[in-house]
Amino acid sequence: MISNFDISQAMTIKLDPVLPPDPEFLPGIRRAPKRELTLNKKEIKLALKNALRYIPEELHEKLAPEFLNELLTRGRIYGYRFRPKGPIKGKPVYEYKGKTLEGKALQVMIDNNLDFDVALYPYELVTYGETGQVFQNWIQYQLTKKYLEVMTEEQTLVVMSGHPLGLFKSSRNAPRVIITNALMVGMFDNQENWIRAQALGVANYGQMTAGGWMYIGPQGIVHGTFNTILNAGRLKLGVPDDGDLRGNLFVSSGLGGMSGAQGKAVRIANGVGIIAEVDYSRIQTRLEQGWIDVVLDDLDEVFKTALEYKKDGKSIAIAYYGNVVDLLQYAVDNNIHIDLLSDQTSCHAAYDGGYCPQGITFEERTELLRTNKQKFKELVNRSLRKHFELIKTLVERGTYFFDYGNSFMKAVFDAGVKEIAKNGVDTSEGFIFPSYVEDIMGPMLFDYGYGPFRWVCLSGKHEDLVKTDKAAMECIDPTRRGQDRDNYIWIRDAEKNKLVVGTQARILYSDAEGRIRIALRFNEMVRRGEVGPIMIGRDHHDTGGTDSPFRETSNIKDGSNIMADMATHCFAGNAARGMTLVALHNGGGVGIGKAINGGFGLVLDGSRRVDEVIKTAVAWDVMSGVSRRAWARNEHSIETAIEYNKKNVGEDHITLPYLVDDELIDKLTDKLDI
Numbered sequence: 002m003i004s005n006f007d008i009s010q011a012m013t014i015k016l017d018p019v020l021p022p023d024p025e026f027l028p029g030i031r032r033a034p035k036r037e038l039t040l041n042k043k044e045i046k047l048a049l050k051n052a053l054r055y056i057p058e059e060l061h062e063k064l065a066p067e068f069l070n071e072l073l074t075r076g077r078i079y080g081y082r083f084r085p086k087g088p089i090k091g092k093p094v095y096e097y098k099g100k101t102l103e104g105k106a107l108q109v110m111i112d113n114n115l116d117f118d119v120a121l122y123p124y125e126l127v128t129y130g131e132t133g134q135v136f137q138n139w140i141q142y143q144l145t146k147k148y149l150e151v152m153t154e155e156q157t158l159v160v161m162s163g164h165p166l167g168l169f170k171s172s173r174n175a176p177r178v179i180i181t182n183a184l185m186v187g188m189f190d191n192q193e194n195w196i197r198a199q200a201l202g203v204a205n206y207g208q209m210t211a212g213g214w215m216y217i218g219p220q221g222i223v224h225g226t227f228n229t230i231l232n233a234g235r236l237k238l239g240v241p242d243d244g245d246l247r248g249n250l251f252v253s254s255g256l257g258g259m260s261g262a263q264g265k266a267v268r269i270a271n272g273v274g275i276i277a278e279v280d281y282s283r284i285q286t287r288l289e290q291g292w293i294d295v296v297l298d299d300l301d302e303v304f305k306t307a308l309e310y311k312k313d314g315k316s317i318a319i320a321y322y323g324n325v326v327d328l329l330q331y332a333v334d335n336n337i338h339i340d341l342l343s344d345q346t347s348c349h350a351a352y353d354g355g356y357c358p359q360g361i362t363f364e365e366r367t368e369l370l371r372t373n374k375q376k377f378k379e380l381v382n383r384s385l386r387k388h389f390e391l392i393k394t395l396v397e398r399g400t401y402f403f404d405y406g407n408s409f410m411k412a413v414f415d416a417g418v419k420e421i422a423k424n425g426v427d428t429s430e431g432f433i434f435p436s437y438v439e440d441i442m443g444p445m446l447f448d449y450g451y452g453p454f455r456w457v458c459l460s461g462k463h464e465d466l467v468k469t470d471k472a473a474m475e476c477i478d479p480t481r482r483g484q485d486r487d488n489y490i491w492i493r494d495a496e497k498n499k500l501v502v503g504t505q506a507r508i509l510y511s512d513a514e515g516r517i518r519i520a521l522r523f524n525e526m527v528r529r530g531e532v533g534p535i536m537i538g539r540d541h542h543d544t545g546g547t548d549s550p551f552r553e554t555s556n557i558k559d560g561s562n563i564m565a566d567m568a569t570h571c572f573a574g575n576a577a578r579g580m581t582l583v584a585l586h587n588g589g590g591v592g593i594g595k596a597i598n599g600g601f602g603l604v605l606d607g608s609r610r611v612d613e614v615i616k617t618a619v620a621w622d623v624m625s626g627v628s629r630r631a632w633a634r635n636e637h638s639i640e641t642a643i644e645y646n647k648k649n650v651g652e653d654h655i656t657l658p659y660l661v662d663d664e665l666i667d668k669l670t671d672k673l674d675i
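When the count follows the working numbering, it moves up by one through the sequence shown with no breaks and lands on 675 for the last residue.
Do not rely on the hints blindly, as some may be mistaken.
[Stated by the list, open to error] Per label pair, the in silico range of CB-to-CB distance:
| # | residue 1 | residue 2 | range |
| --- | --- | --- | --- |
| 1 | T39 | E464 | 50 to 58 angstroms |
| 2 | K468 | K90 | 49 to 57 angstroms |
| 3 | R371 | V19 | 32 to 40 angstroms |
| 4 | T394 | D653 | 44 to 52 angstroms |
| 5 | D298 | R32 | 18 to 26 angstroms |
| 6 | R482 | E289 | 31 to 39 angstroms |
| 7 | K92 | E531 | 17 to 25 angstroms |
| 8 | D118 | D653 | 20 to 28 angstroms |
| 9 | A573 | K92 | 27 to 35 angstroms |
| 10 | E96 | D334 | 29 to 37 angstroms |
| 11 | D7 | K90 | 34 to 42 angstroms |
By construction, these hints were calculated from the structure, which means they are not laboratory data. For each residue, glycine too, the CB sits at the ideal point set by N, CA and C.
Between the sequences and the hints, there should be enough to build the whole structure, so can you do that?
Have a look at this one:
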């Protein structure tokens with residue numbers, strides 16, 4: 002029979018048989034609420050064995066009761082004592098151990114995702130979105146770090162739901178890391194099974210970029226949020242193409258990870274914003290970072306201030322410390338006109354603390370999650386129903402409401418409001434209110450290939466970021482398209498707008514041509530020694546990164562919006578073309594079973610090899626999504642694909658759809674008795 006001694010001797014990369022000191026928790030750092038624990042006694046035993054299989058046998062007797070206590074009191078085994086002491090930050094790349102630049106760079110990204118200033122619940126490894134974790138536990142963190150320190154340029158680290166499966170020989174042109182998170186067999190791909198799998202220690206909710214190690218703080222969504230609200234104004238409020246949101250009021254809720262961008266975005270767009278938030282610590286974080294201007298808890302004062310600024314054409318971001326349902330009730334009761342309305346609470350995890358019901362405080366919400374989950378669910382459902390009624394009233398009065406891809410409308414439907422579905426029965430035909438992708442981001446950005454391109458200056462030097470901003474601006478022709486004009490202004494003003502939270506990073510919505518041009522310019526700058534190495538990547542919420550009928554593919558109308566082919570091929574194609582890191586996740590911002598999303602990271606080391614990866618992989622990453630959208634007969638994607646085919650004769654070629662006369666189809670089908 003194989004013994005633990007035999008197993009230990011067979012591994013050179015493993016945890017040391019040394020017990021780390023007792024965990025320390027610094028005061029004032031947000032902690033995740035207790036997670037739902039549905040395991041029976043047999044499954045609890047399995048969860049303990051699953052956690053202890055990382056640990057040398059000498060430590061089992063000490064750690065087994067500790068892990069059991071974590072499971073029973075927190076709902077998960079986090080392995081707190083394996084967390085490094087004190088704050089974690091993404092350090093300059095050369096301060097990390099490793100045989101490869103890529104291995105060191107990925108450690109920068111991991112640590113930046115767990116920075117106290119970046120992460121939502123850093124002790125529970127949750128970066129954002131209430132449940133989006135970098136790893137399941139700190140044991141996985143420690144072991145992954147060991148692998149990245151010894152990985153060579155001809156090895157690939159495989160990570161499955163946070164678990165470092167191992168290093169495998171590959172080639173210099175293969176990815177250094179391949180990550181998957183929470184990919185579940187279809188029959189079991191639902192919330193109930195995922196909750197069980199996560200408690201067992203076999204599933205990790207990577208959200209979109211948390212489990213792919215590519216989150217760059219709220220800046221990662223701020224350009225997308227800016228684009229969304231500005232283009233909503235152009236689409237619905239008569240804002241001219243070269244105008245801004247001056248004199249318009251935007252109301253939403255949430256100031257956590259992703260939603261934390263809303264205040265900054267409305268300020269840059271020169272509008273007036275009111276963002277409701279029930280967790281004062283999140284408000285305090287955004288206030289300290291300068292992402293909101295003022296905190297108010299009196300609704301008279303909130304709207305008095307907002308309307309004064311609106312009348313004067315001035316911009317302000319107001320955090321309302323309270324529940325968004327109370328805020329909307331006040332607006333309805335006092336007949337206050339709201340121009341743009343949305344919501345960014347974590348409704349994909351509405352029953353896990355992502356949505357705080359009206360009538361209770363944030364602290365009471367946290368206690369109910371621990372002591373009476375059923376009552377909490379009932380309160381959430383009641384509040385969501387009320388929330389919907391208020392939105393409906395405001396829309397009838399002229400407000401433009403859009404779902405912000407946080408699964409809000411699905412949560413309302415699940416709360417029993419069938420009328421939010423277009424057909425009044427199920428969600429197969431969508432909802433009565435548009436998703437922001439359906440109305441705005443899809444046709445105005447994604448269909449052209451514009452999406453959330455990101456880069457991180459691995460040197461940690463702010464002067465490198467300033468240099469890349471200038472270089473990116475020089476790569477943009479503001480006369481080419483309206484989107485390029487917006488991008489030029491965005492990157493021109495990026496330094497002034499003080500967007501950095503965590504490591505030195507930038508976000509810029511660019512298309513395939515723009516991303517390639519910028520990435521090649523950056524790699525040339527690294528080659529010349531003008532800047533240190535750079536990591537490029539993107540949010541998975543992109544042109545081709547994610548399949549989700551509730552968000553990213555909501556403006557795809559050929560019936561394929563429920564298929565996961567695009568994200569999967571994007572992932573595989575990026576691996577084949579040599580991206581440094583490739584990731585594929587289940588879930589994202591709309592919840593488990595509602596999306597498959599993929600992302601990448603590429604280290605720019607200045608080499609000619611990386612030039613070739615940029616030319617092939619970045620083009621594929623964007624244009625695979627544009628191609629899918631063109632095949633769905635999305636007009637702007639067809640235009641973009643036609644242009645691409647002309648520019649890439651003999652190299653790339655996209656299949657285009659022939660258009661069908663609606664009258665022909667109507668004549669054939671109108672008489673059908675179905």
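List, from low to high, the hint numbers that the structure doesn't satisfy. 2, 8 and 10
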